[in-house]
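Peer 1: Protein chains in written order, with the numbering used here: chain E, 11 to 144; chain X, 11 to 144; chain H, 11 to 144; chain S, 11 to 144.
For the record, the hints were derived by calculation from the structure and aren't laboratory data.
Check the hints yourself; a few may be wrong.
[Stated by the list, open to error] Derived CB-CB ranges, DEER-like:
(1) 128(X) to 98(H): 34 to 40 Å
(2) 95(E) to 15(X): 46 to 52 Å
(3) 135(E) to 61(H): 55 to 61 Å
(4) 50(X) to 49(E): 41 to 47 Å
(5) 113(E) to 11(X): 52 to 58 Å
In this text, a Cβ means the ideal position worked out from N, Cα and C, and glycines have one as well.
4 protein chains.
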Amino acid sequence: MNPVEARLRVRYAETDQMGIVYHANYLIWMEVGRVEYCRARGIRYRDMEREDGILLAVVEANCRYVSPALYDEEVIVRTWVAQAHPRMLRFGYEMAEASTGRVLATGETKHLFCDRERRPMKLPAKYRAAFGMS
Amino acid sequence: MNPVEARLRVRYAETDQMGIVYHANYLIWMEVGRVEYCRARGIRYRDMEREDGILLAVVEANCRYVSPALYDEEVIVRTWVAQAHPRMLRFGYEMAEASTGRVLATGETKHLFCDRERRPMKLPAKYRAAFGMS
Amino acid sequence: MNPVEARLRVRYAETDQMGIVYHANYLIWMEVGRVEYCRARGIRYRDMEREDGILLAVVEANCRYVSPALYDEEVIVRTWVAQAHPRMLRFGYEMAEASTGRVLATGETKHLFCDRERRPMKLPAKYRAAFGMS
Amino acid sequence: MNPVEARLRVRYAETDQMGIVYHANYLIWMEVGRVEYCRARGIRYRDMEREDGILLAVVEANCRYVSPALYDEEVIVRTWVAQAHPRMLRFGYEMAEASTGRVLATGETKHLFCDRERRPMKLPAKYRAAFGMS
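Just chain E, with the same shape it has in the complex:
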């Protein structure tokens, strides 16, 4: 399935004294991308968590920083499902500056589906198509 695009603008709070975006914020942007991925596929992650008690626990995250994002730049976060399994999901991401297309970073997160007590579980069938599970 095609990547889903989310847009955000770099906040002053996200910069550090190097004059660029502090690197941990890219993980937050990936989360923004993930949520918009779900929304584009017809799932509101909030409801999945609140109503069905399904948590998408992060078990691994990584990010490669290509070019620093700067204050007030507009960023496009492209998100796709890299691997999908009823118990596990991997998302891939590419973040780019909107006006020039300059790639800022690429990343990946791996998740387990968990219940409210954070015990691993299988994703209920009704949600599987959204993540490209056969």
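Add chains X, H and S to chain E, keeping to what the hints say.
Peer 2: Coordinates of chains X, H and S only, in the frame set by chain E:
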């Protein structure tokens, strides 16, 4: 009652591109001060929240910035109870650079005691002495 | 002058274990509002800082929390100039949930115009109209 | 060389509505670990950056989440140099809950030494021993 002191060191993540600590972080430091205030008075805020279901909801916060905190400086957060009432609590704060005593900021937060559903409640009697309530 | 509206969506990272937005984030949202205020008045704050070396240093911030913002809600930040003077600026803010209009918080920040060395200065004449200075 | 230990306490601001520490914060803790690693080896990273204009730019970060950190827990961050080269440095990290030794996460960051304009450079000889470069 005397102020309680907490110490922390400025993190790179807390700076912004002005080369100083981003102003919203002082509210986080006040929270650090609050928790240490409670601990010094024999209360672990975590347990108050988890075991007795008492939340200290923030209803007002303010901060006056006197001198910017810089990366890697050690900061002392002094916290005291400015006003105490079974339904309401106000904390006062002074933040200073540890080695020179340079005042960085002063602030205040106002809180309501709430139950798990965030409904206002009276603080149970057993906790009142810690906050200087008669 | 009329308030300027900025929109944002609550991020998971902005929530805390109370299940609501952590209170320090509202100061970050006010900053988002401020930047959009400037943009709507024809000023890109980034350029004011980078090209003309004018910093809008925060000297005071306060926030009154009315109703908690929740994860994934859309928030409107309304920003206006509460007081303007060539050396000082006060912004007022109201934050509301977009779909219902529920007020989340109101706040205020006070700023001094500073040069790159953070020394107070007068705002150059060309910028004054944007902030409603006569 | 042996790992260097840094200690920190989980802040309320670092939790999310899942009731655990939000995953991006572990990257901030790694940064805390890195700075203490440098200090233990006789280098104040702040001075290296400020006085010698050497930046330790992050080019890659990854984290594996083993067991969630909870509010108010004390965390030990163990940091070591995983690979060192005059142009590049990799740090390894293990984060554990202090009272029980429960492992929370492990991670790695890769850095390039850069000058003030963020151009890659070789680390000056005087700093090399601290990072175990021969």
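Peer 1: None of the hints should be skipped; say for each whether it holds.
Peer 2: Taking the hints in turn, this is what the structure says about them:
1. 128(X) to 98(H): 34 to 40 Å: Given about 37 Å between the Cβ atoms, the range holds.
2. 95(E) to 15(X): 46 to 52 Å: With Cβ atoms ~51 Å apart, the hint holds.
3. 135(E) to 61(H): 55 to 61 Å: holds, 56 Å
4. 50(X) to 49(E): 41 to 47 Å: Roughly 46 Å apart at Cβ, these two residues keep to the hinted range, so it holds.
5. 113(E) to 11(X): 52 to 58 Å: holds, 55 Å
Checked against the numbered hints listed earlier, the structure breaks none of them; every hint is satisfied.
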